[in-house]
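Chains as they are written, first to last, in my numbering: chain Y, 6 to 351; chain H, 6 to 351.
None of these hints come from the bench; they were simulated from the model.
Do not rely on the hints blindly, as some may be mistaken.
Just so you know, same-sequence chains aren't split out, so a pair can sit in one copy or run between any two.
With a straight-line cut-off of 27 Å between C-alpha atoms, the simulated BS3-like cross-links for lysine-lysine are [as the list claims (entries may be wrong)]:
no.: 1; residue 1: K322; residue 2: K79
no.: 2; residue 1: K86; residue 2: K322
no.: 3; residue 1: K86; residue 2: K205
no.: 4; residue 1: K205; residue 2: K79
no.: 5; residue 1: K79; residue 2: K297
no.: 6; residue 1: K86; residue 2: K303
no.: 7; residue 1: K322; residue 2: K205
no.: 8; residue 1: K303; residue 2: K205
no.: 9; residue 1: K348; residue 2: K79
no.: 10; residue 1: K285; residue 2: K86
no.: 11; residue 1: K285; residue 2: K303
no.: 12; residue 1: K79; residue 2: K184
no.: 13; residue 1: K184; residue 2: K86
no.: 14; residue 1: K297; residue 2: K205
2 protein chains.
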Amino acid sequence: MEQSLTGLGNLIYEQITNHEFPWIHMQSRSTDNIMYDPEERQYVLGPRMIRRHSRNIRHIRPFTQLVWTAWFAKELVMHRKTSTLREVYYSARGHRDIEYNNQQESDNIITDMEVALNRAREDFHIFPEERSAIFGDLTIEYTVPGYEGRRTNLTDHPDGVMIGPAVTSSEFVETSADKVLVVEKGAMFTRLVEERAHDKFNAILIHTAGQSPRATRGIINRLNQDYDLPVYIFTDGDPWGIHIAMVIISGSANAAHLRGLTTPDAEWIGVWGTDIIDYKLPTEPLTEFDHKRLRELKNDPRYTGDIWQRELDVFLKLEQKAELEAFSRYGLTYIVDEYLPAKLGS
Amino acid sequence: MEQSLTGLGNLIYEQITNHEFPWIHMQSRSTDNIMYDPEERQYVLGPRMIRRHSRNIRHIRPFTQLVWTAWFAKELVMHRKTSTLREVYYSARGHRDIEYNNQQESDNIITDMEVALNRAREDFHIFPEERSAIFGDLTIEYTVPGYEGRRTNLTDHPDGVMIGPAVTSSEFVETSADKVLVVEKGAMFTRLVEERAHDKFNAILIHTAGQSPRATRGIINRLNQDYDLPVYIFTDGDPWGIHIAMVIISGSANAAHLRGLTTPDAEWIGVWGTDIIDYKLPTEPLTEFDHKRLRELKNDPRYTGDIWQRELDVFLKLEQKAELEAFSRYGLTYIVDEYLPAKLGS
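Let's have the full structure, built from the sequences with the hints guiding it.
Shown next as C-alpha cells:
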C-alpha cells in the first residue's frame, strides 16, 4: 500500500523535476468503458485509458485533490489509522484549492485513486461507516494497533461482532464451519443465532444490513477462497433483496476496477418467487417502483442465469413480494427447522 | 414477566367463567393524557383510564389481538426465545380475526400490552432490529440459552459488539470505567476506539446508530444507576442530533408508560451551536426542515433548561449546522486530543 502511494508521489516528483506538468494515467470509469466479463463473472473496466493532466485547466483541481487524497492515505497507512469516507471529505475542508464541494466529489476522487493505484480504498485504511456483523466458529487474529496478535473466536458474543476495520484487517486462523450463510437483515441474523443455526448448519453467519458494504463482501470472498466454504445468501423476496445477493455474487459497476470483492459461486437461496407459491407465504403487492426495478434486472447482464430469469418472471407474474420474516407465519423456528434444511439440502 | 402474563390470562378466564364479556383496564395513551412530569424528568401518562371491552363491537378486534399478543409473548418467555416486532406482525398472519392490517397496528397492540401490564416489550422478549454497539471495559455475564454464566469483556472486539437480546439481558459484573460516552454515529465510534478514547477517558463507549433503540437507552440507564457513571452524549450539531441526546435524557412521549429508559442526569456535550463558533467548524446551512424542527424543540417542555434554549437560539441565529466529523478539519485525532478533554473537563 505504502509503496504504491510512494510510487505515485515519486512519479509526480520526477515529472516536476523534469519540468513537465505532472499527469496521471488511469483506466476510464465512464459507462462506455465498463463491461460485464462473463469469464471473470463480474463487471470490469475496458481498455480505454484517460490522462489527468495538470496542464489542462479543467483537470488541475481534481488532479490536486487526487494528490492530496494520496497524501492523506499515506498518512493513514503510515500512522496505522483508519478514516471514514466522510472524515476524508471533512479533512479537506479549509484547504484552499482542495476543499470538495460535497462528499460525492470526495468519494469520487477516492475511487480515482483506487483506479490509478489499482487498490481498494480499504487497503489505504479508508472505510464506509460500519454496520454489518458476523457470528460463528471462526478464530481471527487482530492486526490493528493495540490488538496485534490477539486472537478471538467469533462465537464469543451471541449478538454478533461488528465488521469494522479490526475484523476486516484480521487474519483468519481457524474455522470448523463448512459454509457461510449471509442474511440481509439484523432480525434474521438474531433469529439464526438464537436457533443455533451456526451449530445446526455448521455455518458462519453474516448480516449485511442491506446492501453489503465492500469490506463485508471482501470477507465473504476470503471465506470462500481461503477455506473453500460455499456461500449461501438469504434475502427478502423482492428486487432489492435479489440485488443484494447479486452484488455479493457478481459485484457492481462502481467497483468494476476492483478484484477480490465478488464470490461468483455464492448461491442465492431465497426468498424466491417460487417459495411464495410453494410455502404459501404472506405477501405484499409489488409497487410500481418494484416493478420497474424487476424489469431492469431482467435486462441486466448479471442476470442471464436460468434461476434468475425464472424467478424474476415469477415475481412479475405473481405481482407479489415476500420478506424473510414471512416464514414466521409458521412459527419462529420454521425457517431453521424446515426451510433452510430444504434449501441447503441438509 | 410470566406472572403478569398469566395474571392477564387468569383475569380474562375468570371473566368468562363468570359469564361476563371480558375486558381490560389500562391507562389512556391519547395525547391529552401524556404529560411532562418535571419531577420524574420524563413524559408520563396521566390518570385517565380506558376500558377495552369485548362487548363493544369496535373493541372486539383489538381486544382479541391483545390477547393473542399476550399469548405469543408467553410462548416467547416460556421457551426463552426472542422475537422482533416484525416477526410478531408476521406470526399473526393467516390467523383469522387476529391478522393485522400492517405492522403499525401490530406495534400499537404491543404498546397496549406494555401499558396494560406495565412492562416493556423487551421484558416479553420482543425487540426491534438491533443496530447499536458497545465497547469498553465492562465485563458482562450472559443469561441467554446456551450462554448462561459465560462472561466476556467488552474490550474483546475493537470493532464493538452489537447490542442485541444477549447484551440487553446480560448481568453487568464489573467495570473500571468512570463514565459513559455515547455517540450517535458508527464512524465516530470507530474513531474513538481507534484513538483509545476508552483508555484515555476511562469510558465505556456506546454507538446508538441514530435515535437510540430502547434497549440501548435501558443499558445507558443501568450503567448510570448501577455504577453511578456519569453519561455524556455527543451528537451532530443539528436538531436531529440534539433530539437523539434529549430522548436518552428525558425519553419520548411514545414511551410515557415506561420507566427505567431515561437518564435525566446525562449531559449533551456537543456539537453545540457555540462550538461551531468557538471551533470555527465547517458547516452546512440549515434546511427549511431543520428550521421548523428547531422551532418545535424550542417549545418542547423537555427543552426548558438554559443550555438547550441557548443552543437552539444559536443554531437558529447562525442558520448553520455541523456534523461530528467536522472536527476532522483539524486532523483525525483533534476530537480526542482537544475537543473531548475540554468538554469532559479532563
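Going down the list of hints, with the structure as the test:
1. K322 <-> K79: neither (53 Å within a copy, 40 Å between copies)
2. K86 <-> K322: neither (51 Å within a copy, 37 Å between copies)
3. K86 <-> K205: Between. Shortest inter-copy distance 17 Å satisfies the 27 Å Cα cut-off; intra-copy 39 Å does not.
4. K205 <-> K79: Result: close only across copies, 26 Å inter versus 45 Å intra.
5. K79 <-> K297: Neither way: K79 and K297 sit 43 Å apart in one copy and 43 Å across, limit 27 Å.
6. K86 <-> K303: neither (43 Å within a copy, 40 Å between copies)
7. K322 <-> K205: neither (35 Å within a copy, 60 Å between copies)
8. K303 <-> K205: neither (35 Å within a copy, 54 Å between copies)
9. K348 <-> K79: Answer is neither; intra-copy 46 Å and inter-copy 31 Å both fail.
10. K285 <-> K86: between (51 Å within a copy, 25 Å between copies)
11. K285 <-> K303: within (25 Å within a copy, 51 Å between copies)
12. K79 <-> K184: Neither, since 37 Å and 34 Å both go past 27 Å.
13. K184 <-> K86: For K184 and K86, only the inter-copy Cα distance (25 Å) is at most 27 Å; the intra-copy one is 33 Å.
14. K297 <-> K205: neither (39 Å within a copy, 52 Å between copies)
The structure fails to meet hints 1, 2, 5, 6, 7, 8, 9, 12 and 14 from the earlier list, while all remaining hints are met.
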